[in-house]
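Chemist: Here are the chains, one letter per residue:
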Amino acid sequence: MAQHQDFKKPTFELSMLLYDTRYRSTSFQVIALILFFSLIWWLVNNTMSNLAITGKDIDFSFLVHESNYDINQRLLEYDSRSSHGRAAVLGVLNTLVLSAIGCVTATILGVFVGIARLSKNWIVARIMTVHIEIFRNVPLLLWILLIMSMVAHSFPVPKHFRGADPIATMKLFDSVALTNRGFYIPEPLFSNGFGDMGFFSNSFYISIDLIVILAILIGSIWASGKIKARAKRIQEETGIRPTTWYLRLGVIFIPTILLLVYLGFYLGYPELKGFNFKGGIHLRNSLIALWIALSLYTSAFIAEIVRSGILAVSKGQTEAAGALGIKPNVIMALVILPQALKVIVPPLISNYLNLTKNSSLAIAVGYMDLTGTLMGITLNQTGRELETLLLGMSIYLTISLLISAVINWYNRRNDMVER
Amino acid sequence: MRNVSFVRSEMLAEQTPPLTSIGVIGWARENLFNGWFNSILTVISLYIVYSFLSFLIPWVLTPTWKATSLNECREINTALTGHHSGACWGVITERWPQFIFGFYDRSILWRPILVFVLFLATIAPILFERVPRKLFLLGPVFPFLAVWLLWGGSIWSPVFSFLGLVLGYLVWRSLKERVNAVILLLSSIGVPIIWWMFLTEPASGLLAEIIPYEIQILPSRDFGGLLLSLTIGLTAIFCSLPIGIFLALGRQSDLLIVKVLCVWFIEFIRGVPLITLLFVASTLLNIFMPPGTNFDIIMRVVIMVTLFSSAYMAEVVRGGLAGLDSGQYEAANALGFSYWKAQRLIIMPQALKISIPGIVSNFIGVLKDTTLVSVIGLFDPIGLTTVVLADMRWNGVYWELNVFVALCFFVFCFSMSRYSMYLERKLRKEN
Chain B
1 MAQHQDFKKP
11 TFELSMLLYD
21 TRYRSTSFQV
31 IALILFFSLI
41 WWLVNNTMSN
51 LAITGKDIDF
61 SFLVHESNYD
71 INQRLLEYDS
81 RSSHGRAAVL
91 GVLNTLVLSA
101 IGCVTATILG
111 VFVGIARLSK
121 NWIVARIMTV
131 HIEIFRNVPL
141 LLWILLIMSM
151 VAHSFPVPKH
161 FRGADPIATM
171 KLFDSVALTN
181 RGFYIPEPLF
191 SNGFGDMGFF
201 SNSFYISIDL
211 IVILAILIGS
221 IWASGKIKAR
231 AKRIQEETGI
241 RPTTWYLRLG
251 VIFIPTILLL
261 VYLGFYLGYP
271 ELKGFNFKGG
281 IHLRNSLIAL
291 WIALSLYTSA
301 FIAEIVRSGI
311 LAVSKGQTEA
321 AGALGIKPNV
331 IMALVILPQA
341 LKVIVPPLIS
351 NYLNLTKNSS
361 LAIAVGYMDL
371 TGTLMGITLN
381 QTGRELETLL
391 LGMSIYLTIS
401 LLISAVINWY
411 NRRNDMVER
Chain U
1 MRNVSFVRSE
11 MLAEQTPPLT
21 SIGVIGWARE
31 NLFNGWFNSI
41 LTVISLYIVY
51 SFLSFLIPWV
61 LTPTWKATSL
71 NECREINTAL
81 TGHHSGACWG
91 VITERWPQFI
101 FGFYDRSILW
111 RPILVFVLFL
121 ATIAPILFER
131 VPRKLFLLGP
141 VFPFLAVWLL
151 WGGSIWSPVF
161 SFLGLVLGYL
171 VWRSLKERVN
181 AVILLLSSIG
191 VPIIWWMFLT
201 EPASGLLAEI
211 IPYEIQILPS
221 RDFGGLLLSL
231 TIGLTAIFCS
241 LPIGIFLALG
251 RQSDLLIVKV
261 LCVWFIEFIR
271 GVPLITLLFV
281 ASTLLNIFMP
291 PGTNFDIIMR
301 VVIMVTLFSS
311 AYMAEVVRGG
321 LAGLDSGQYE
331 AANALGFSYW
341 KAQRLIIMPQ
351 ALKISIPGIV
361 SNFIGVLKDT
371 TLVSVIGLFD
381 PIGLTTVVLA
391 DMRWNGVYWE
401 LNVFVALCFF
411 VFCFSMSRYS
421 MYLERKLRKE
431 N
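Chains B and U, in that order, give the protein sequences. So in our numbering, spot 2 of the first sequence is number 2, and the numbers just go up one at a time. So in our numbering, spot 236 of the second sequence is number 236, and the numbers just go up one at a time.
Treat the hints as calculated values from the structure; they're not laboratory data. Honestly, I wouldn't trust all of these hints.
[As the list claims (entries may be wrong)] With the Cβ distance kept under 7 Å, some of the chain U side facing chain B (calculated, not the full set):
1. N38
2. T42
3. L285
4. I287
5. M289
6. F295
7. T371
8. F410
Note that beta-carbon positions come from the ideal geometry of N, C-alpha and C, so glycine has one too.
Only chain B is shown next, with the shape it has when bound in the complex (with noise of 0.2 Å):
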């Protein structure tokens, strides 16, 4: 016989907040938010109390202010009158120069160093593996510190260029002057430019000449993705692939050859004179040590990201397309690299994240990034270290989250492709 019993219905107790399932999470994230406010009304606090009674406040118009301070490496027009603001700002694009031609060189030498750890030829497996243990168990600091006191010691010094028998020559057919002040490259020029654009009201110029000549450039780059998209159209249809890379070469190069024939290209020099070599580009010892530092210890790290990606490609893959008769190089190019570059490019680009944050220690050998301008000098001359910290903190945090982007925009491609 059943047996009925009258339930009663569950009526809204205190208690219910803690042990039903259906309240408990609501409950501790109500109690996690007050927490995280409470936490942050103390801080507001406290800074607000400190700030009463060190008579400060918070003020970010030094940023306007003269700087009275000059930057040695610099991509823009700056003096010692120019703001604190312009040299924050050229203080950014120091940190995005040394980043990128640092994540290019990390780059190439990573990959070899990754590839030649697993070749077979022992010896240079192990040179492979001595170069990664040494730059990846010794701090970057000290490399910096390293190869600052080796550019700055061993190149000789400006004046022994000079006289009938120089001490030291210049390299590459006279163009390139090493030295202990730094490199001096030559640099692009036009006889027939078109001038420079000011931009926000005349502060910034910005080379009209380069503007033009990377439109054409990817304009080209463009034309020829539409090439090798229609040879692979035609492939499809009809099985043969039609020879297209005489064109796509002309179609990448010629455009940009006559653009820059337009312009009277030619190269500036560096020359000797007084004390120094005027013209050229000057990179400054303090910029090729960081250089050289960055790309070295990086490479390391990228090395390890390469090999483990490659053998994540398990051999039956390999072992498959020898068997359906495909030539050893085409497997690498067409089996094995697709599969491992999805492996390695997001940690690869977390790489390029991690030297760009590495880069900030650019300031223990005086090169003027970010953290050497608004976050070195600035801060000390104009004693605001909250707006300045905040401000560089969040510059940095505003790099970073756009390469996260870029690293969550590659997994998400890549999970839609996967089957």
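With chain B fixed as given, assemble chain U onto it according to the hints.
Modeler: Same frame as chain B, but now just chain U:
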């Protein structure tokens, strides 16, 4: 007719393999000279190794260990080889205690050495299985003992701080069976905190007056060298692992607000360079604290480095959690495990095992990153290099100092990475 058999009825005697495929020659043919490309690579590599060593070995093997200045080194090297390009190791002979202990009072060096030995004894049972398990008991005592031995002061403050821990344990044990989990957790955490906040200082002050026993106080600015690096690095390493695990769990959690807070924290910390956080520690952290607070620079740096590495640790652990088969979560649910019980007994042991390489390389990163404190004016080994170079006698010995510091870090970092490989091998075997 005789039966003519085409099959041999006895075996041929074994022949030795050709000389070119065994021994050193065989190995060399297989690994160094198989094909023209590899042969060229081998020759080039041998040349690189030779030119490197022929530069390095004469530089390292110079009898300059007893020299007292750079000039004296140069004289020794010139007398020996005719040019002064050898290393000058006299500076290491003279300054190595400074590179290890900084400006720590020379008469009481036994204290940091004892702390280091105790540290090894504390972590030994974690690292190796054969070590007696009883050494685990050292774990809760060690932090208080180490702080007291390193910084000095009255014995009663570490004793009473430790009593807070004991109190928490006692509360937990006595209430374990009687109250529910939340109240148990709150009371066993709350009681020690109240003890530390309100009772430790007056009680230890009182006892210090009755039975005064204190050892020499060392200010934080005397800390330097590897002592400083290891203090900051190891503290950050051991604090960041639990914080990182909780952050990773928070990031994976279903609770939206907790998840958002964890993601913000992790992304913020990972988005800025450590050096900016150290600037915050050196210039800004006191502004965030109640007015009048002025706490120790080493402590500020430790807090920042810990926060920094815990965000990275969270990402490593999250990778381990993601790498775990979802069947494990479902099985734990099916067995009726509560969330925390499932995490503790099923999820974490496996997730942490997967993420060992990442965790250890994170540890190595933290130890290397402690060198950044030289930028904010602390005297870690790199900061000390500038001190030594300021000495007239040693002005110009960059290489020797940097190589020495690099070797110190290499020893620690390399042994950590080797240990992680050993651990991976051991755990793989057990499956």
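Chemist: All the hints need checking, so say for each whether the structure fits it.
Modeler: Going down the list of hints, with the structure as the test:
no.	hint	verdict
1	N38	5 Å, holds
2	T42	6 Å, holds
3	L285	10 Å, violated
4	I287	5 Å, holds
5	M289	6 Å, holds
6	F295	13 Å, violated
7	T371	4 Å, holds
8	F410	5 Å, holds
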